[in-house]
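Which chain is which? The protein sequence lines are A and B, in order. Here the first sequence is numbered in numbering that gives the first Met the number 0, starting from 0 and rising by one per residue. Here the second sequence is numbered in numbering that gives the first Met the number 0, starting from 0 and rising by one per residue.
Simulated from the structure, these hints should not be mistaken for laboratory data. Among these hints, one or two may not hold up.
What the hints assert, rightly or not - Chain A is faced by these chain B residues, among others (derived, beta-carbon under 10 Å):
(1) L98
(2) R127
(3) R131
(4) R133
(5) E172
(6) V173
What the hints assert, rightly or not - Calculated from the model, a selection of chain B residues having no Cβ within reach of chain A, i.e. all distances over 12 Å:
(7) S39
(8) Q44
(9) S47
(10) E50
(11) K78
(12) W107
(13) A174
(14) L202
(15) A204
(16) P206
(17) A210
(18) P213
(19) F237
(20) S243
No residue lacks a Cβ here, since even glycine has one placed at the ideal position from N, Cα and C.
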Amino acid sequence: MTTETNEKVQKVVFDALESFGVESAGISLEASLESLDIDSLDMAELSQIADEEFGVALKSDDVKSIKTVGDAIDLIAGRI
Amino acid sequence: MRPERAVILVTGGSRGIGAATAQALAADGWAVALTYRTNSDAAAQVVSLIEAEGGAAAALMLDVTDPDSADAVLEQASKALDGPVLGLINNAGVRADDLAVSLDDDAWDSVLETNLTGAFRLTRSALRGMIRARYGRVVNIASVVGPRANAGQANYAAAKAGLIGFTKTAAVEVARRGVTINAVAPGFVRTDMTDGVLDDAVLAAIPARRAGEPQEVAACVSFLASDAAAYVTGSTLFVDGGMSA
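Kindly produce the complete structure, drawing on both the sequences and the hints.
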């Protein structure tokens with residue numbers, strides 16, 4: 000994956016987290032989804048956004064493996 | 000507040016409760032996509048009535064038992080009325096009555112497939128757009144049969160009770176995205192579906208001593224689909240002349 004792709008995915012994921020109500024100051028690659036109060040509905044919507052923006056379909060097993068914001072970005076970017 | 004040009008899909012909208020609901024929602028300012036399975040003339044007539052009152056409507060053919068139809072009909076509705084589908088009324092329903100002891104698998108499956116699974120599939124598809132829009136209204140047309148027994152309708156009762164359970168759980172899952180999901184449970188309402196059912200014994204069992212009219216159900220759906228009902232979700236509103244009291 001290219002740096003450009005990674006940056007693009009990062010922007011989409013960060014924007015999505017903010018739209019879920021997460022304070023932008025708390026969002027970082029290392030932040031755990033649990034610490035940001037991201038729940039299963041948020042992850043379902045993030046999967047939908049990944050599909051709409053990048054054509055990447057995340058299955059429930061994929062979603063379960065995501066622990067941090069960086070994990071989500073790596074998973075999506077790695078499938079583009 | 001309901002976004003501009005919001006479209007609402009009413010399944011089984013060519014007659015009875017569906018037709019009355021389609022007209023009520025159009026009068027409320029929704030652009031209404033009403034679906035029919037076989038009766039295109041009746042559906043076209045409902046569209047004409049809505050347009051004559053200055054509303055926007057389109058008729059679409061839909062078989063809710065077709066697993067691939069949900070996404071397609073939502074896309075058609077959005078295109079036909081040039082707006083996002085932010086409302087869904089799961090009204091399409093069938094009956095195939097018999098005592099449980101003699102109910103065959105086809106009668107069981109067809110009623111569950113249309114009345115419950117079809118509503119689930121359409122809701123699943125419609126929720127995706129509603130969640131993203133932070134706005135949505137889903138109203139499932141259940142029945143007083145389900146919460147109450149009605150001999151000869153075990154399949155219908157199972158489907159409608161299932162629809163109420165589905166309504167409650169789906170509602171809590173999406174409540175914080177501005178999407179409400181409720182059910183309306185009509186009692187005996189004067190439609191084609193109750194032709195031959197509304198005899199004196201049935202009417203005597205209704206506290207109001209009369210059958211309901213489709214417009215009385217439509218008024219309740221209209222409320223649940225309105226902005227005024229933004230804090231009502233996961234509920235079932237009985238419209239049954241007191242039968243379930």
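Agreement of hint E172/B with chain A interface, Cβ distance less than 10 Å: Constraint on E172/B satisfied, holds at 6 Å.
Just double-check A210/B for me: nearest Cβ-Cβ distance to chain A has to come out over 12 Å. Fine: 41 Å to the nearest Cβ keeps A210/B off the interface.
Is the shortest C-beta separation between V173/B and chain A less than 10 Å? 7 Å, holds
Checking a non-interface call: every C-beta of chain A should be farther than 12 Å from the C-beta of L202/B. Is that right? Holds, since 45 Å exceeds 12 Å.
Interface-negative label, K78/B against chain A, beta-carbon threshold 12 Å: 18 Å, holds
Does the claim that S47/B lies outside the interface with chain A hold up, using a Cβ gap greater than 12 Å? At roughly 36 Å from the nearest Cβ of chain A, S47/B sits farther out than 12 Å, so the non-interface label holds.
Against chain A, run the beta carbon of R127/B and see if the smallest gap drops under 10 Å. Since chain A brings a Cβ to about 6 Å from R127/B, closer than 10 Å, the hint holds.
Since W107/B was said not to touch the interface, does its Cβ keep a gap of more than 12 Å from each Cβ of chain A? Answer for W107/B: holds, closest chain A Cβ roughly 30 Å.
Have a go at the L98/B hint: is there a Cβ in chain A nearer than 10 Å to its own Cβ? Result: violated, 41 Å to nearest chain A Cβ.
Least C-beta distance from F237/B to chain A larger than 12 Å: The assertion about F237/B holds, with a minimum of 29 Å to chain A.
No chain A beta carbon within 12 Å of P206/B's: It holds; P206/B is separated from chain A by about 41 Å at its closest Cβ, greater than 12 Å.
Grab the minimum beta-carbon distance between E50/B and chain A and tell me whether it stays above 12 Å. E50/B clear of chain A: closest Cβ-Cβ about 33 Å, beyond 12 Å.
The structure fails hints 1, 13 (numbered hints given earlier, in ascending order).
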